[in-house]
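> Please build the complex by placing chains B, C, D, E and F on the supplied structure of chain A, with the hints as guidance.
Residue numbers (this note's numbering), protein chains in the order written: chain A, 1 to 133; chain B, 1 to 133; chain C, 1 to 133; chain D, 1 to 133; chain E, 1 to 133; chain F, 1 to 133.
No wet-lab data here; the hints were simulated from the structure. Among the hints, a few may not be true.
[What the hints assert, rightly or not] Partial chain A-side listing against chain F, Cβ under 7 Å, derived:
1) S2
2) P5
3) Q100
4) V126
5) V129
Just so you know, even glycine gets a beta-carbon here, dropped at the ideal spot from N, CA and C.
Number of protein chains: 6
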Amino acid sequence: MSTVPSQPDPENDPRVKAVFDDIRATRKSDFVNNMWRYLAFDATLLEQTWAEVKRVMATPSSLDPLTKEMVYITASIINGCSYCVHSHTAAARAKGMTPQQHAELLSIVALAGKTNQLATGLQVPVDPVFDQG
Amino acid sequence: MSTVPSQPDPENDPRVKAVFDDIRATRKSDFVNNMWRYLAFDATLLEQTWAEVKRVMATPSSLDPLTKEMVYITASIINGCSYCVHSHTAAARAKGMTPQQHAELLSIVALAGKTNQLATGLQVPVDPVFDQG
Amino acid sequence: MSTVPSQPDPENDPRVKAVFDDIRATRKSDFVNNMWRYLAFDATLLEQTWAEVKRVMATPSSLDPLTKEMVYITASIINGCSYCVHSHTAAARAKGMTPQQHAELLSIVALAGKTNQLATGLQVPVDPVFDQG
Amino acid sequence: MSTVPSQPDPENDPRVKAVFDDIRATRKSDFVNNMWRYLAFDATLLEQTWAEVKRVMATPSSLDPLTKEMVYITASIINGCSYCVHSHTAAARAKGMTPQQHAELLSIVALAGKTNQLATGLQVPVDPVFDQG
Amino acid sequence: MSTVPSQPDPENDPRVKAVFDDIRATRKSDFVNNMWRYLAFDATLLEQTWAEVKRVMATPSSLDPLTKEMVYITASIINGCSYCVHSHTAAARAKGMTPQQHAELLSIVALAGKTNQLATGLQVPVDPVFDQG
Amino acid sequence: MSTVPSQPDPENDPRVKAVFDDIRATRKSDFVNNMWRYLAFDATLLEQTWAEVKRVMATPSSLDPLTKEMVYITASIINGCSYCVHSHTAAARAKGMTPQQHAELLSIVALAGKTNQLATGLQVPVDPVFDQG
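Next up, chain A with everything else stripped away, as it sits in the complex:
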């Protein structure tokens, strides 16, 4: 079930094909997951979203690829995006996340879920020492 029609052959549109080709080349895999297949309902949205994902997630940077995926999983859990929890957990596993690291990651997300609510429930004032500007 989706709010936009799935398209039998989205790569008939050359702009969509170019993005899918780049996804395959970047990931060194023939598989293009549903996120991109459904975003293909609008070529512009597809192009811009992929360009940003590629730049932020697939370019060497000051954070290692597995850390990035664990941050993405965290955000996806709290934003309540079922699809994204699935896709980024799979991506983290492909980048080497062990079951133990997965369990630890979930422990931190769970602990944050707890203390975030406590701090909001208590309305704890921010310590002046934390202020940077």
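Quick look at chains B, C, D, E and F alone, frame taken from chain A:
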């Protein structure tokens, strides 16, 4: 402003003092931040919360301390906990997070904020290949 | 799957029937979607919810009907209500939302998802000029 | 700081005055808190919101008044509404919530914050036995 | 569909078996729901989560068991945890929640969803009288 | 209070100056609000964020500028971004939003806040007719 009274000298309660002493020893610092000072309105809640934070965040494990803080910052941003964003950003900085890593972390959280909403807006079906069980 | 029993013939209850009849008359359609069928487990809750939806969404006002539905879709995405994303996207389409407008709407929701997290992550102080009171 | 102008004397508008008078009579108190003073920028919105709050919260029903306020606090924490956390904690206290009950309430909200994230992170399938309809 | 493998016989692990036995004894029922079966992918996470759920939810305290479950349902709805809404609604029903109380609970959660957004949209300043510390 | 240092003269960095100049030119105003001043702690993040805001919000498209801002306000309220609620309400007002339209917008957001929670609380199954793909 808080929903519970701040206490002028919470360490008059020996259970509170024991927790504060352990916080200072664990962190090798005299500073006890407001989160713990306000949680002290209930010694049991204080003890249990600190015990879990210490176990999850201050015990050597399969994730390094800076990664853990970055996951905590991510959760705190999306849960909308202003206090926690401040305290965990300060903690990450104390553990070596550079301004460049901070900017990268925010880029990933921002990108996830974007694609999480897109996947939910499109109601993208989960690819069967992602299913683990 | 639902947390309340679906009822084979909810219109046996005259209060439910009155609401369903008004839904059909207001929308000029025989179709009554599941939201109302499940809310029918409590006639009072059904009556009050429909009365408010009708007043806010189906009464001519200072905002046009399509804009209203796009605001509703936005809220439903961010509140993570899968059912509501589906029902209000269908409603917006019925009121003339084009695929291009749909893609644009999602672009704005996605951009807001991004900058909202950035502002919270940075804890940007509100500019005094924005204050109205 | 607010997004609408505060009004020096909102009760010059007879519709606003009628609502404020009913708030005072219902609560047996002269105090009208800011929520209502700012909602007064639009008399219709003020009237409808107060009517619903009065009906749901101030009418004898199958749930006792303190339980209702604790549910309201819970929702306000998780929705991240700072104002509402303050106002409903004050209301619960006025209805007899003890510090111990307050701490217990926060323990449950914190635990839910934790297990909700775990279930979402694991994408636990719903047990068929839970289905009601 | 889940992000971790379901295990055909998780109780082969004695630590998992000990937790499942305690769940059965505490609840006086042979049924162990999926939350625990999937958490069993990591025995430590399972043990700690159950210990906390048992302590907070299954120990006599200043709040009655049904009130606790209604608070848990509220949190689960707003955190958008479909699994948890199902499991805690079932638990509340088992503890005596009537359809009328269920409808009332949903009315309060819905009203809070409404006024929380209004207060955030208006950015209503907190009344000084609400401040406790 | 912020998690990054505010900079006394961010435009000493020519990349920052170029973005600020474009903000001023695009908006035909000398005022550069805090969001951009704090994002300036990382020139790359600043450039990319502004480029996207300009493209999505300041380019003629299939949605009119005021509708776009109202969608942005909606997202900002539900994401709980206090800064963004302020800045986009000010932007909407500058683009002609009347107090009546503001009140209506808040009514819709509030109603969605209500029905989104009801649908999630009931776990209403999606009607097959809503499925597009």
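> Take the hints in turn and mark each one as holding or not.
We went through each hint and held it up to the structure:
no., hint, verdict
1, S2, "4 Å, holds"
2, P5, "4 Å, holds"
3, Q100, "31 Å, violated"
4, V126, "6 Å, holds"
5, V129, "11 Å, violated"
Figure legend: structure checked against the earlier numbered hints; hints not met, in rising order: 3, 5.
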